[in-house]
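Novice: Produce the complete structure using the sequences and hints provided.
Residue strings, one per chain:
Protein chains: 4
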Amino acid sequence: MSSIKERKIRKKKEEILRAAAAIFAKKGYHGTTMEDVAAKLLMTKGSMYYYFKNKDELLYHCHKMIMDLSITKMKEIIASSKSATEKLENAIKAHITLATSEKSMFMVMHKPSQHFTDDYLQDILQDRTTYAQYFDEIILEGILKKEFNHVDVKMVRMILLGALNWTQEWYDPNGEKSAEEISETFANYLLKMLVKQ
Amino acid sequence: MSSIKERKIRKKKEEILRAAAAIFAKKGYHGTTMEDVAAKLLMTKGSMYYYFKNKDELLYHCHKMIMDLSITKMKEIIASSKSATEKLENAIKAHITLATSEKSMFMVMHKPSQHFTDDYLQDILQDRTTYAQYFDEIILEGILKKEFNHVDVKMVRMILLGALNWTQEWYDPNGEKSAEEISETFANYLLKMLVKQ
Amino acid sequence: MSSIKERKIRKKKEEILRAAAAIFAKKGYHGTTMEDVAAKLLMTKGSMYYYFKNKDELLYHCHKMIMDLSITKMKEIIASSKSATEKLENAIKAHITLATSEKSMFMVMHKPSQHFTDDYLQDILQDRTTYAQYFDEIILEGILKKEFNHVDVKMVRMILLGALNWTQEWYDPNGEKSAEEISETFANYLLKMLVKQ
Amino acid sequence: MSSIKERKIRKKKEEILRAAAAIFAKKGYHGTTMEDVAAKLLMTKGSMYYYFKNKDELLYHCHKMIMDLSITKMKEIIASSKSATEKLENAIKAHITLATSEKSMFMVMHKPSQHFTDDYLQDILQDRTTYAQYFDEIILEGILKKEFNHVDVKMVRMILLGALNWTQEWYDPNGEKSAEEISETFANYLLKMLVKQ
DNA sequence: GATGAATGAGCTTTCATTCAT
DNA sequence: TATGAATGAAAGCTCATTCAT
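Chains as they are written, first to last, in this note's numbering: chain A, 8 to 204; chain B, 8 to 204; chain C, 8 to 204; chain D, 8 to 204.
No wet-lab data here; the hints were simulated from the structure. Heads up, none of these hints are tricks.
You can't tell identical chains apart in this list, so a pair holds if it fits in one copy or across any two.
Straight-line alpha carbon distances no greater than 25 Å define the calculated SDA-like cross-link-like pairs of lysine to any residue that follow:
1. Lys-19 - Lys-47
2. Lys-110 - Asp-159
3. Lys-82 - Glu-144
4. Lys-33 - Thr-137
5. Lys-184 - Ile-150
6. Lys-184 - Asn-156
7. Lys-203 - Tyr-141
8. Lys-184 - Tyr-141
9. Lys-161 - Pro-180
10. Lys-184 - Val-158
11. Lys-184 - Arg-135
12. Lys-118 - Asn-181
Treat the numbers as computed from the prediction; the structure is a model and nothing was measured.
Specialist: Below you can see the structure in the form of structure tokens.
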């Protein structure tokens, strides 16, 4: 059980991560200074080192935060007693929902290998693999259940993730289509690659 | 007609751009130093400033180089007397071919707004819009010729470009599938979203 | 009211300005490196950027410091209830006193247009104009009060300022004449151009 | 006797010196690049090294050029069979004429000790001393001939040179007073310090 | 004589990080 | 906890100078 102090610290950390993500998303990791992040939070540079021991840590925890959310959601979808088609539909929608509602965090995840080395990188790549495997699992299930055509699982997954991740590049909260409409449309078109007609 | 001197200088510039692209792709723009690029070419830092007046210029010309290739190829495809289906197939294949054969250059194009301001940015975004419009044109042509379903052109284009661009993230020249196989497979699956069945 | 912290920082800034002025005076602005200045203060190059955001700023504040002193002193003289002759005498002496006691700072002020552009330059030139006008004012007062001959105010002021500013070029604290003797002599000779005889 | 070749080279050298002086005057010695000078002459940087072996040399010969002119003129004045008053008048006028007609060259002469070391510096300072001594000579002559008051020669010379040199700081060819008018006025006022009334 | 190309030393500036208070 | 101040390593860039052609 977490003390009130721990809760406060955790909250502050999350605040910092959100601020960092927002600026990383706009200026890129290297283009962002600790000063930038601190300023956004009305803190001083020095203070941030109380919460995160360095800039890498900031980026790393941004990755973790969003990957945890993604994976948790996917586990839920996988565990549900739905058809493979519905699961894939839900996965697509969930991904887009997260990519649009947590746009900054999502954008931060680009090219971890440019920013990390060793342990952190392994850890992050592991998470990504895990996430990708959930998609594979659903597709495979669909094939086995004869809901889907006999597709090349990896290729289809790559197409799916490509299309889904690309949304952050163009999605605009004030654009003509809401995140929900986009996810509906995407699910609709993308499933055409898979479902028997 | 270009003199031998001009040809030589143009060749040198291209060499530099390729070296720069390779390192930008690996370390990111900000993570790359002029020293890094120079070292790769067995030049000195200072010499590079003889050819490009600053680091931005390097990145900008990387963008231009690949966009020129892309747009030229697309014009060719559009102008050909093929069916819309074949044109889209060819566009997909051409994109993947370029994205894999010029992997580094392609990767460099990520998030220009993080690195450029003003004129350069406008110019680059204009090129991107142009390129996107060629895809729209083909899709629209297919719809009018009744080859394709009545789809949401922009959404389909976004799915296409997302899937295509994502290839750079995972394509491995030593991987199990060749670039050609990938492009065949992609064309095959992606067209399922469009063609009447 | 200024806190003890503000006082401390202001003092540090002044220390830095004095060190900078001393080296600018010896080596010229461009010939001086930030390293030079820092070394003189037993600081590191980087630390100086905590107090002044760039080299220009250093030069600009040197200008301001000395101009503020000069103008303040002149206001005092102008406001005094002395004859024009005495005022001019005092102005001459004050100028030489400052030019010799703050030799370095004074020397730094040479050719601002070679080092500044835009706003800073305008600001500095404004100060200079103001200072020159005080001299004009005194001369004019003397003419009106019939203490001085009917001279060309601007020309006489140019002669005065030329002679006065030139002192920094040759004044030597260890020379045969003290600053005070020089200022006496100068006042004596220069007034001959003006006073009725 | 100089061959046609030597004449051509000498002419080219003078052209270069004038271009250099013009830019030195505007941007300062350190602020001027060899490129700047070459560009003004539609030459390449490299070519200039055929005529002058380095940047210092450029500055040094600017000094020499103007000092030679100044000293030659002064010798002429000194040697003339005029009264001391007229000689001083002529010296004043000659100085202003040169300072205004060769404004750039004149301005370049500021603070040689910031740019030179050793031999060059000694040489330049020697020239300056020589020039100053000519003024002293005239003043002394005037005193001995009872044309001038019994003034402190050095102090008066400093005032004279200060006023005269300062003209480059404010003289404007398009200003309200011509160089000739200025020199008349200056001679008039400055002599008041000296001549018996 | 002229020049294009290269070089390398040196400069200003930035910034993650530290630490005493 | 928070911060002001300091640091130092590294980066981008400039430029006088050289030299083969």
